[in-house]
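Peer 1: Residue numbers (our numbering), protein chains in the order written: chain A, 1 to 332; chain B, 1 to 332.
Since the hints were derived computationally from the structure, they do not count as laboratory data. Note that the Cβ used here is the ideal one computed from N, Cα and C, for glycine as well. Hints should not be assumed to be uniformly reliable.
[Claimed, not checked] From the structure, some residues in chain A lie toward chain B, with a derived Cβ separation under 10 Å:
{"no.": "1", "residue": "150"}
{"no.": "2", "residue": "154"}
{"no.": "3", "residue": "209"}
{"no.": "4", "residue": "242"}
{"no.": "5", "residue": "245"}
{"no.": "6", "residue": "266"}
{"no.": "7", "residue": "267"}
There are 2 protein chains.
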Amino acid sequence: MAAVILAVDAMGGDHGPGVTVPASLELLRSYPECSIILVGDEASMHALLPYRWRQDPRLRLLHTEEVVTSDDSVVVALRKKKRSSMRLALELVEQAQAHVAVSAGNTGALMALAKNILKTHPAIDRPAILTALPTQQGSCQMLDLGANVDAQPEHLLQFARMGDIVARCLAGQERPRVALLNIGEEDIKGNEVIKKAHRLLQESPLHYIGYVEGDGIFKGEADVVVCDGFVGNIALKVSEGVARMLAQRIRAEIDRSWWRKAVGGLAWPIWQGLKRQMDPALYNGASLVGLRGLVVKSHGGASQAAFYNALAVALREVEHDVPGLMLRELAQ
Amino acid sequence: MAAVILAVDAMGGDHGPGVTVPASLELLRSYPECSIILVGDEASMHALLPYRWRQDPRLRLLHTEEVVTSDDSVVVALRKKKRSSMRLALELVEQAQAHVAVSAGNTGALMALAKNILKTHPAIDRPAILTALPTQQGSCQMLDLGANVDAQPEHLLQFARMGDIVARCLAGQERPRVALLNIGEEDIKGNEVIKKAHRLLQESPLHYIGYVEGDGIFKGEADVVVCDGFVGNIALKVSEGVARMLAQRIRAEIDRSWWRKAVGGLAWPIWQGLKRQMDPALYNGASLVGLRGLVVKSHGGASQAAFYNALAVALREVEHDVPGLMLRELAQ
Chain A
1 MAAVILAVDA MGGDHGPGVT VPASLELLRS YPECSIILVG DEASMHALLP YRWRQDPRLR
61 LLHTEEVVTS DDSVVVALRK KKRSSMRLAL ELVEQAQAHV AVSAGNTGAL MALAKNILKT
121 HPAIDRPAIL TALPTQQGSC QMLDLGANVD AQPEHLLQFA RMGDIVARCL AGQERPRVAL
181 LNIGEEDIKG NEVIKKAHRL LQESPLHYIG YVEGDGIFKG EADVVVCDGF VGNIALKVSE
241 GVARMLAQRI RAEIDRSWWR KAVGGLAWPI WQGLKRQMDP ALYNGASLVG LRGLVVKSHG
301 GASQAAFYNA LAVALREVEH DVPGLMLREL AQ
Chain B
1 MAAVILAVDA MGGDHGPGVT VPASLELLRS YPECSIILVG DEASMHALLP YRWRQDPRLR
61 LLHTEEVVTS DDSVVVALRK KKRSSMRLAL ELVEQAQAHV AVSAGNTGAL MALAKNILKT
121 HPAIDRPAIL TALPTQQGSC QMLDLGANVD AQPEHLLQFA RMGDIVARCL AGQERPRVAL
181 LNIGEEDIKG NEVIKKAHRL LQESPLHYIG YVEGDGIFKG EADVVVCDGF VGNIALKVSE
241 GVARMLAQRI RAEIDRSWWR KAVGGLAWPI WQGLKRQMDP ALYNGASLVG LRGLVVKSHG
301 GASQAAFYNA LAVALREVEH DVPGLMLREL AQ
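Chain A with its partners taken away, still in its complex shape (with noise of 0.2 Å):
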């Protein structure tokens, strides 16, 4: 296996360097194939490298003191920064320094940035965010997550392709199912963007199995939910919320007794075993598709398990080659 190079923002997110840096280790450490340039402020990342990896080849620290903010707007993020630890990762892609970019910062950034220095793939109109779920048996490819408030048919095609090609890639499917998210009831069926994509999707060579409603998703019935990114960040927040709310309210029963404690603690097993699962952490790394290079965007809260979670993403879609089937196929 060639060696396979990430440039990760150490700056982004809600912890920084404090998150980025310890999960990076975990990674090299794991993956022995892998390097890691780490950027950001290079004292802060310093400080909290253990001695043996000061003198890592597979370690590189680049050094900026500019972070792009999450409440930098776009525009702050495009034209003041020029030196943001978010740019300069992007800009190791688009040199060929580094296969992929990771990064927790600001996602409306992110975006901007990956498309003014990395620029949209030819075949591609709209880049849009795509992450797996968890489903009754397994996971799906959800996509566009909100880099688009708004899609036309012809997006929504293009979106399937590229979510067919990452479940191809990734979850090793050989033929997903691709579906389109709508409404279920027959005579307000969809609006006329999403009846123009089912008619597109249907002469498409794609196996599209046509629609799914909201909780079709976590039934399993599809490996490729494509909708625009309106829909799909509040179908993904909306099942966020439902999940914690869940926890909060099982955490509530339990702690109403000390025999309810006592059988909360028997069942610690139970809780592992669906927190391994369930684990949002395990779903962290959502990646920036239709672009001609590499990206993948954390959660800005995640946890060093998290934020390693999406390491290991970024670093299976190099290995599997993701933007190399995604230049062969969609330029088809």
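Assemble the complex: chain A is given as a structure, and chain B must be docked to it using the hints.
Peer 2: Structure of chain B alone, referenced to chain A:
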């Protein structure tokens, strides 16, 4: 308390009279101030009535053989089936023989028939579907859940006004916090419709608190959450799908060994407590708002307990004079 008369479409839903009739009897037993007119096939309904209810003046049967099925198009429901149980139940409300109609039938047909028979409220352009959703601390009212695939800013303002009235009447909130459902990224925050609705709501006398994201609904950030029917339906179905997936995964974790099953059994009171709060039956009963009469829609697959809850929602809306308040307040 004056008598409240409910017109119940006994034939609607997946289970028909087998669910609607016993649920109706349960309501009559619990609420002595309530009367019910069951609309449907007399023989089927009669067969389900214990002797004492056959002569009770609080229960009336209205016979018809026609039924709107879940596959019937709106056109069929409107034009062909002039004596469907759904239509007759709505006509009872229109003729002031009942205060509210309840049906578990086809949503599209119910909305179309309701608009046709009861007419849209003069201050409202488009009726909407509203339901209560559970939050971390309590519940919130959300609309539209699928009556309209899209909405103009003025429609969203009207939805907000209706949601505000229902929250005050039913949830007893004096000054409900009204929010627009939106996505979070600064630079792509909302489309033009949302932005314009945001301005309209800021200028309105409502207690408008701005945007909430998908996870904010379940954190209880607002008492009324407003969105178009496409987004609302996806959000509702996603929340149901995630809850069902989690329940199924917990089940699978418990079933993995006899020891886990034993612990799962000990945890029974915890599951019961959780079920009491989160049972979808508890949240069954969506209101069609913006009409000149009251209509409550039950889930098609509702169990007896769930259909009972839809009847209880209908009863509560009459007792709290939701239609009267709508008439008085929306006229202003």
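Peer 1: Would the hint on residue 209 of chain A stand, with a C-beta cut-off of 10 Å toward chain B?
Peer 2: Result: violated, 17 Å to nearest chain B Cβ.
Peer 1: Less than 10 Å between beta-carbons is the criterion; does residue 242 of chain A satisfy it with respect to chain B?
Peer 2: holds, 4 Å
Peer 1: Should the interface hint for residue 245 of chain A be scored as holding, given a Cβ-Cβ cut-off of 10 Å against chain B?
Peer 2: Hint holds; residue 245 of chain A Cβ to chain B Cβ min 4 Å, cut 10 Å.
Peer 1: With 10 Å as the cut and Cβ atoms as the points, is residue 150 of chain A at the interface with chain B?
Peer 2: Interface hint status for residue 150 of chain A: holds (6 Å vs cutoff 10 Å).
Peer 1: Against chain B, is residue 266 of chain A within 10 Å by beta-carbon distance?
Peer 2: Holds, because the Cβ-Cβ distance from residue 266 of chain A to chain B comes to roughly 5 Å (cut-off 10 Å).
Peer 1: Tell me if the interface restraint on residue 154 of chain A is satisfied: Cβ within less than 10 Å of some Cβ in chain B.
Peer 2: The hint is violated - residue 154 of chain A has no Cβ within 10 Å of chain B, the shortest such distance being about 18 Å.
Peer 1: Quick check on the hint: residue 267 of chain A CB to chain B CB, less than 10 Å?
Peer 2: Hint holds; residue 267 of chain A Cβ to chain B Cβ min 5 Å, cut 10 Å.
In summary, the structure is inconsistent with hints 2 and 3 from the numbered list given earlier, while agreeing with the others.
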